[in-house]
Structures are given as C-alpha cells and as structure tokens.
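Number of protein chains: 2
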Amino acid sequence: MIVTIRDIAEKVGVSVTTVSRVLNNRGYLSDGLKKRVHEAMEEMNYQPNEVARSLSRKKSNILGLIIPDISHPFFAQMTKHMEYYAYKHGYKLMLCNSLLDKKKEKEYIDLLRASQVDGIIMGSHTMSVKEYLSIKLPLVTLDRQISESIPYISSDNYRGGSLATQLLLRKNCNKIAYLSGNLQLNMLAKQRHDAFVRQAKGKGVEYIVKQTDMNGFQYKKYENLVRELFQEHPDIDGVFASSDMLALQVVRECRRLGKSVPDQVKVVGYDGIQIGGTEDLTTIAQPIKEMGRLAVQHLLQQIAGEETPLETILPVKLLEKGTT
Amino acid sequence: MIVTIRDIAEKVGVSVTTVSRVLNNRGYLSDGLKKRVHEAMEEMNYQPNEVARSLSRKKSNILGLIIPDISHPFFAQMTKHMEYYAYKHGYKLMLCNSLLDKKKEKEYIDLLRASQVDGIIMGSHTMSVKEYLSIKLPLVTLDRQISESIPYISSDNYRGGSLATQLLLRKNCNKIAYLSGNLQLNMLAKQRHDAFVRQAKGKGVEYIVKQTDMNGFQYKKYENLVRELFQEHPDIDGVFASSDMLALQVVRECRRLGKSVPDQVKVVGYDGIQIGGTEDLTTIAQPIKEMGRLAVQHLLQQIAGEETPLETILPVKLLEKGTT
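Protein chains in written order, with full-length UniProt numbering: chain E, 1 to 324; chain L, 1 to 324.
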C-alpha cells in the first residue's frame, strides 16, 4: 500500500498543502506542526514519491531488459553485469524473459513502455524489423543489427567462427560439424556458421551443419540434436558448437558412446561462460562483462541525448583447453 | 522521453482538459478535433500513463526481487519461474543482485520502496531482523525465517541433509565432509549442516565441516575450499556439498588428484539445478519451480490483503546418480 501526502494530511488532520509545505520547508510552520507531520510520515512509512517525481522529471530511472531466458548461463552472467552497471548509475533493471515467444516479446515492449522505462536493452529477437522501428524508445540490441539507426553490441562472431574452425582443421579433423540454435533467427551469431562453412570449404574438408528449431534453450533438445549428429555421422571427428552448453552435451554424448575426447573427437564451444563442467572446455570466449557494461552505457548515452556508436563489435578470444 | 497529455495539448494547440476529454470520451467534441488529438498521440507515441494510473490506483504492478547473484544457476532458474508467474498475473519483476553486500541490500530496499513496488521477494539475507521488520511492504523471504509475521518459502533442508548423509553412510564411507557457504548467514540451509552432524555422530563416523567466507558465490573460492579439504584430509571418502556447483568442484578436484568417483570418493550435491556437468551428479533436488511459483503467489496474496501461509516448506528428493 502506497502512502501519499494525502494519507499523512488525514492522519495529522491538516490540509495536503500544509503537508506539502512541511516537505518542501516552505512558508511559516510551527515546530510542533512540523514534528507531528514528520512523526506521521515515519509511522506510516512515507517515502518521497519516486513515481510522482518520475512523472514530473519525465524519467523513471528504470531500464527494461528483454532476453530469451535468464536460466541460460550466458544471459544470467551478462545480466549480472548489466544490473551492476545500471545500479551504479542509479538505474534499476526490469527483467523480461521472452522465451523466444514473439507474442510475449511484443507484449513486454508495450508493458515496458506503459511503465515508462527510460530505455530497453533487447537481447531477444523474434520480432520483425518494422516492429523494432516502431518502439520509439532509447534502444540497444544485443547480437542483432536491426537498422542503421539502432545501436547494437556484439562480439566478433565471424572471427570467433574462423578461430574455432581453424583450430579443428589444424588438429587434422577430417569431418567436422557445426551445431547451433536456429539460424533463421537472423542473429549476428549466424556469422559463426558462415565462417565455419567458408573455412571448411577452403580446406576441402567434409562438413555437416545441424541446428535446433526455433524454441532455443531446452537442454532436452540439445541432447537430441547431438544424439542425432553421431547417429547420422558416426565418423565425425571435430565439433564446433555455438554455445558452451551445447558443447558440454557433445562431450557428454561422446562419453556415453565411448568416444574419447579429444583423441577421437575434438570439441570447441562458444561463449566462455563460467560454470561447472566448462573448466576443461576449449571455447571461444566472448567478453560477457564488457558487452553487458557497454549495452548499459550506450543506452544511458541515448537517454541523455548523447551520441552513441551504432556498431560495437568486441574482440573474442580462443581458449585452448582439454577438449581439442 | 515520456509524452504526457500536456505535450499532446501543446502540439494540437488545445487545453489539457480538452485532450483529457478526448481520452475519456467525455462531453461534446467535434470529430475533427478528436481526429487531430488521436493523430498527435500516435505521432508522438503517447501511451496511457501507467505510472500516473499506478499513482491513483496506488499500485505499480511491479515486484522487487532481491537475490545474491543472478549468475548462480540456482537463482537464475528460480528467477525464470518467478518471472513467468509474475507475468502471468500482470506483474513485472525488478531484479536486484545484492552480491551479499549488506549496504547494497539495504539501498535496494529503499530504491524499491521509492519505486513503489507492490511487494518484495527477498532471497538475500545479510540484514538484521530489525531492518527486515522495518520494511513495511508485502514481503516473502526465501530460505530464511525472519519473524513470525513474515511468510517464507523453503524446502525441507533438514530432511535434505539427512538424506544426503544417510546415503554416504549407507555406502560405507568412513570419513565424510560437509562443504557449504558461510554458516553464519543464518539461513535455513544451515539445517543441512545440522542434519549432517547429527547423522555422522549417530553412526560414530569421523566428519569434517568446511565453509566459505561471507562472500558466497565465487567459483575461485569454491576451488580453494575443495583443494584445502583434500590437502588437509586426503583420506576423505565421502563429500556432501551444499550446492551442485560446489559438488562439481569436488568431482573436478578428485579427477585432478586421480581419485576415482564414486569408487574412492562419493559425492552428493544439493539443489538439483539443470546445467551442463550436473547430469551424473547425485543430488538432493529442491522443487525450484514450485518454490518460485509459491513465492510469487504468496506475495500476490499479501498484496491483495488475503491470508498467506507463514511457513511453506516443500519436500526435497534424493536423486541417486553416478557420483555415489
């Protein structure tokens, strides 16, 4: 229950104007009256109304964050950093999981707009470009380039794809696979795939591409995808998985099939998440913290009416560990 | 930038009252005027002001969630479910990571109150009971019993601790260890420890207890804790870790030391998170989804002024897998 100055006025038995004068320390007021008003405010736990002030300031100091699924470690880790930087600058974060549901994504944008958020960080991308352009709020996207007017933050997906594939080829893999989420989502992550295909073709090495359907992050689906891969292509000896979670499934399936990693099958993941089980995984590490920090920074710059770089592509790093 | 009816009025060149009449379809208004107002609203992307309405309704439809760290999979997974249920009931979730920093926790409560959230779910517990009691907002806590007036959601920590320890004893472990976060945090999770000690004493089996310092979830600290354990007690043959993340570190350290799991060392985790690497882990599974759902439900009941159960203790389940 929100306590307003009207409630305080009723409690003390004075007018709203009088309470307002006490609050703003305006006009002549007896010490006794001031004391009674302050005591009532304390007792009723009155808070200077941030919502009312946000109306007059036209700012809510809330940022909306729309991501596919907070339970995915990549997003959980990035969100942690976003929340940290938002807080540091006096902003709160409203969390929205789209679960890659187009309808939910759209509804969330309307909800966030109605809640007067100052801006949105968009990490879920099932809507059309037209729908994005109609948002008309400060906006930063993650890993998707919507138009030339909406800034995005990404890491160097093409280079990441090249580094991963080159490593598999350097280790003399003869038949390699690329595993990923749905490629039709029109994400910049598709460049990992493009780099993979280009490298494989360039070396004349046989390759396979497999992707999940649109409903991304379900571990059961990852499991099936990996199982299918080895059933259809038992001679695969190198796998580039577009997330560490997917790569862990590959390692697990190899263990189940009695294929030794890295001797018989080499595995490279993507993301560089810090989570149990990934310690020995060769991976392409994205600068998750820096991506989160810059997403917030560029959104705040927009909100302040400052210039914001439209393209931010951060470097990735190959971490060679036990699975290659 | 928030567009108000004042902006619309200026744009169209009419009074605020006129715009308000158009919005509420009150009084006589020419079709031409209505059309001009509606066009201006569309062009300026005016949204019926949820913030202003929340002021008059005294409701914001926002719930605050304060947890230690969203990047910890247990909280990430529970938050996913909370967000789902909040959304289903027309509420948004404001995410706050306390990082177990007492000052930040306190500041967040003030921030949330100032933002007029309708209630708070509290999963981070560094504050004193007195500070909790002064919150004076609908409140539900996770895994901590603050007072007899604040409802909490928990799972059966004592039974979880008993199940885990009994399993190690049944498997004929001779020297067992309990590993956990800091026990002084005064969480209900401490009951896992109590059950462990009681079971071990009951059977007359040698036991060790090791805990991290107050700054919980840092994987590096987990690593050091586990390393220390085996340096100081190389003859440990059973470990009960109070989280799956910690249990994974134990399995990893055993691998590093050339101790086979489960033959030489048996490992039981806690939580039942779904994350790569935990597939073969014997663990005590908490009903994460149900805990998240009930936390939201009991908070919404409080907000609606309905009766809420003060104690909610959900059952846990032993999942026996490859590490015991």
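The hints are simulated quantities; they were obtained by calculation from the structure and are not laboratory data.
Model, not experiment: these values are computed from the prediction.
Some hints could be false.
Unchecked claim - With a straight-line cut-off of 27 Å between C-alpha atoms, the simulated DSS-like cross-links for lysine-lysine are:
1. K259(E) <-> K175(E)
2. K175(L) <-> K103(L)
3. K106(E) <-> K88(L)
4. K289(L) <-> K259(L)
5. K34(L) <-> K221(E)
6. K136(E) <-> K221(L)
7. K220(L) <-> K321(L)
8. K259(E) <-> K171(L)
A quick look at each hint next to the structure:
no. : hint                : result
1   : K259(E) <-> K175(E) : holds, 15 Å
2   : K175(L) <-> K103(L) : violated, 40 Å
3   : K106(E) <-> K88(L)  : holds, 15 Å
4   : K289(L) <-> K259(L) : violated, 35 Å
5   : K34(L) <-> K221(E)  : violated, 53 Å
6   : K136(E) <-> K221(L) : violated, 45 Å
7   : K220(L) <-> K321(L) : holds, 26 Å
8   : K259(E) <-> K171(L) : violated, 30 Å
Figure legend: structure checked against the earlier numbered hints; hints not met, in rising order: 2, 4, 5, 6 and 8.
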